[in-house]
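Make a model of the complete structure from these sequences and hints.
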Amino acid sequence: MEKALSVKGLRKSFGDRVVLNGVDFDVAAGEFVVLLGANGSGKSTALRCVVGLAEADAGEVAIAGDRAAMVFQQIHLVRRRSVIDNVCAGGLAGLPLSRSLSPVLFPKDLRAKAMACLDRVGLADRAKDRAGSLSGGQQQRVAVARALCQGAGVLLADEPVSALDPAAATQVMSLLAELAHRDGLAVAAVLHQPDLARRHADRVLGLLHGEIRLSTSASDLSDVDIEALYAPDRVFA
Amino acid sequence: MTARKYLTAAIVIVVLGGAHVFAWQTTEVSPGALVDGWRGMARFLAEALPPDLDWDTVVQPGLEACLTTLAIGLLGTTLSIPAALLFAVLGTRGRNRIVYQVSRSVMSFLRAVPDVVFALVFVTAVGLGPFAGVLALICHNVGVLGKLWSEAMDEVDPGPADALRVSGAGEAQVVANAVLPAVVPALVGLLLYRFDVNVRSSLVLGLVGAGGVGFLINQSIQLFQFDQMATYILMVLVLIVAVDLLSAAVRRRLG
Numbered sequence: 063m064e065k066a067l068s069v070k071g072l073r074k075s076f077g078d079r080v081v082l083n084g085v086d087f088d089v090a091a092g093e094f095v096v097l098l099g100a101n102g103s104g105k106s107t108a109l110r111c112v113v114g115l116a117e118a119d120a121g122e123v124a125i126a127g128d129r130a131a132m133v134f135q136q137i138h139l140v141r142r143r144s145v146i147d148n149v150c151a152g153g154l155a156g157l158p159l160s161r162s163l164s165p166v167l168f169p170k171d172l173r174a175k176a177m178a179c180l181d182r183v184g185l186a187d188r189a190k191d192r193a194g195s196l197s198g199g200q201q202q203r204v205a206v207a208r209a210l211c212q213g214a215g216v217l218l219a220d221e222p223v224s225a226l227d228p229a230a231a232t233q234v235m236s237l238l239a240e241l242a243h244r245d246g247l248a249v250a251a252v253l254h255q256p257d258l259a260r261r262h263a264d265r266v267l268g269l270l271h272g273e274i275r276l277s278t279s280a281s282d283l284s285d286v287d288i289e290a291l292y293a294p295d296r297v298f299a
Numbered sequence: 003m004t005a006r007k008y009l010t011a012a013i014v015i016v017v018l019g020g021a022h023v024f025a026w027q028t029t030e031v032s033p034g035a036l037v038d039g040w041r042g043m044a045r046f047l048a049e050a051l052p053p054d055l056d057w058d059t060v061v062q063p064g065l066e067a068c069l070t071t072l073a074i075g076l077l078g079t080t081l082s083i084p085a086a087l088l089f090a091v092l093g094t095r096g097r098n099r100i101v102y103q104v105s106r107s108v109m110s111f112l113r114a115v116p117d118v119v120f121a122l123v124f125v126t127a128v129g130l131g132p133f134a135g136v137l138a139l140i141c142h143n144v145g146v147l148g149k150l151w152s153e154a155m156d157e158v159d160p161g162p163a164d165a166l167r168v169s170g171a172g173e174a175q176v177v178a179n180a181v182l183p184a185v186v187p188a189l190v191g192l193l194l195y196r197f198d199v200n201v202r203s204s205l206v207l208g209l210v211g212a213g214g215v216g217f218l219i220n221q222s223i224q225l226f227q228f229d230q231m232a233t234y235i236l237m238v239l240v241l242i243v244a245v246d247l248l249s250a251a252v253r254r255r256l257g
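Chains as they are written, first to last, in this note's numbering: chain A, 63 to 299; chain B, 3 to 257.
Hint data in this document are derived by calculation from the structure and do not stem from the laboratory. In this text the structure is predicted, and so the values were computed from the model without any measurement. Glycine included, each C-beta is placed from N, C-alpha and C at the ideal position. Do not rely on the hints blindly, as some may be mistaken.
[As the list claims (entries may be wrong)] Chain A regions said to be covered by chain B (calculated; three or more residues, Cβ under 8 Å): (1) 109-116; (2) 144-158; (3) 200-213.
[Unchecked claim] Every beta carbon over 10 Å from chain B, so not counted as near; a handful from chain A, in silico: (4) Gly84; (5) Arg141; (6) Lys175; (7) Ala189; (8) Asp191; (9) Ser195; (10) Arg261; (11) Val286; (12) Ala290; (13) Leu291.
And the structure:
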């Protein structure tokens with residue numbers, strides 16, 4: 063399969079603390095990969111380096127189409143603005159300043175594209191509502207729509223369901239899997255729930271102490287693998 | 003441990019007490035002088051009451067002057083918005099250090115110079131009158147409002163801005179579509195608060211010749227017409243209360 067995202071030898075330290083110690087992974091178009099790992103294992107930092115929110119000390123990141131889209135645990139919508147205006151904001155890159163300083167200036171084709179993205183996540187009927195008035199799960203789907211509106215081939219998700227109830231979490235995970243399998247996006251999500259990874263992902267990567275220690279198809283993910291990732295001291299003692 | 007606590011408390015009390023003794027002496031506080039001089043105050047109040055409510059010579063000019071005062075405060079606030087916004091955005095944390103320091107310094111300077119001093123400077127340029135007051139308020143208000151606004155912007159959640167940066171949006175697009183929408187309610191609240199303060203400041207500016215009801219108050223004191231002064235002060239009271247109620251009502255609806 064074609065690699066849409068390729069990360070090689072990613073290194074990052076904060077002071078003396080090595081967070082990423084040479085991380086390599088690929089995600090193919092149409093594939094849904096989940097990164098598992100304990101707190102502080104470097105999962106989120108890896109994603110932030112890929113999208114440029116953190117600067118890696120060393121390593122190469124190759125993204126098909128140059129730029130990846132991302133959704134966040136804290137969702138990060140502008141709560142006072144309407145749902146559709148939030149989705150439009152994903153497509154601002156490349157717009158002239160004169161058309162992007164306020165939602166009333168957004169061009170028609172951007173609104174049409176945003177509406178299609180909102181329809182894709184099943185929330186077209188909420189377009190005019192204030193983003194802050196939606197439930198957490200709905201807001202995360204709006205955030206996914208905003209990422210889609212960017213038009214990137216690679217979608218990253220940093221703990222997208224950690225703040226959601228189980229039903230909403232399942233809905234968002236199904237959406238991410240669909241975007242990979244039906245729409246052909248390369249999707250990589252950092253998760254804390256191995257069960258969700260098993261049910262929705264194609265492949266699971268495990269990070270420990272800043273290195274990829276596990277790479278397996280989701281169906282082969284065993285409890286022993288998970289133990290090793292989340293309680294390494296107990297397993298190796 | 004408790005002994006040290008007592009010692010600290012004792013030192014704080016001694017230092018604070020000393021500061022107040024020093025302040026008492028420096029400001030020549032003298033209750034005796036106040037008691038001895040009660041006749042002066044009584045005479046002053048007797049002349050001020052009842053207020054002079056003559057329509058043609060006092061009330062009508064007073065109302066017109068109140069409108070002028072309000073207008074100085076309004077323009078002084080509104081016309082300072084563009085520059086205040088610019089310096090506020092440039093003065094938020096996480097920006098280029100030089101840009102940050104320069105804009106913070108400009109705002110500090112504008113804040114440090116009292117609006118009365120600005121008014122005296124502008125009176126020499128454009129002459130006595132309300133226009134000098136407007137210019138003075140703009141200068142001072144850019145410093146104060148810019149600082150209040152940039153602090154409000156610093157407190158805003160950086161998440162939505164990060165989300166737009168990831169998508170490749172430019173810095174101006176990020177500010178317009180993530181930072182500003184999140185802070186606008188706070189910014190409008192602070193703007194109304196400054197309008198409130200500026201209307202009161204424009205009274206003081208009137209005392210140094212910048213027109214408005216402050217100018218009339220000054221004039222009536224110099225001519226010993228304290229009953230006219232009392233009328234003007236009553237009008238000021240109503241004006242200030244009205245502006246305060248208005249801005250409080252708008253801020254409540256924003257919150």
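Hints versus structure:
no., hint, verdict
1, 109-116, "holds (count 3)"
2, 144-158, "holds (count 7)"
3, 200-213, "holds (count 4)"
4, Gly84, "holds (24 Å)"
5, Arg141, "violated (8 Å)"
6, Lys175, "holds (13 Å)"
7, Ala189, "holds (17 Å)"
8, Asp191, "holds (15 Å)"
9, Ser195, "holds (15 Å)"
10, Arg261, "holds (27 Å)"
11, Val286, "holds (36 Å)"
12, Ala290, "holds (32 Å)"
13, Leu291, "holds (27 Å)"
In this structure, the one hint that does not hold is number 5.
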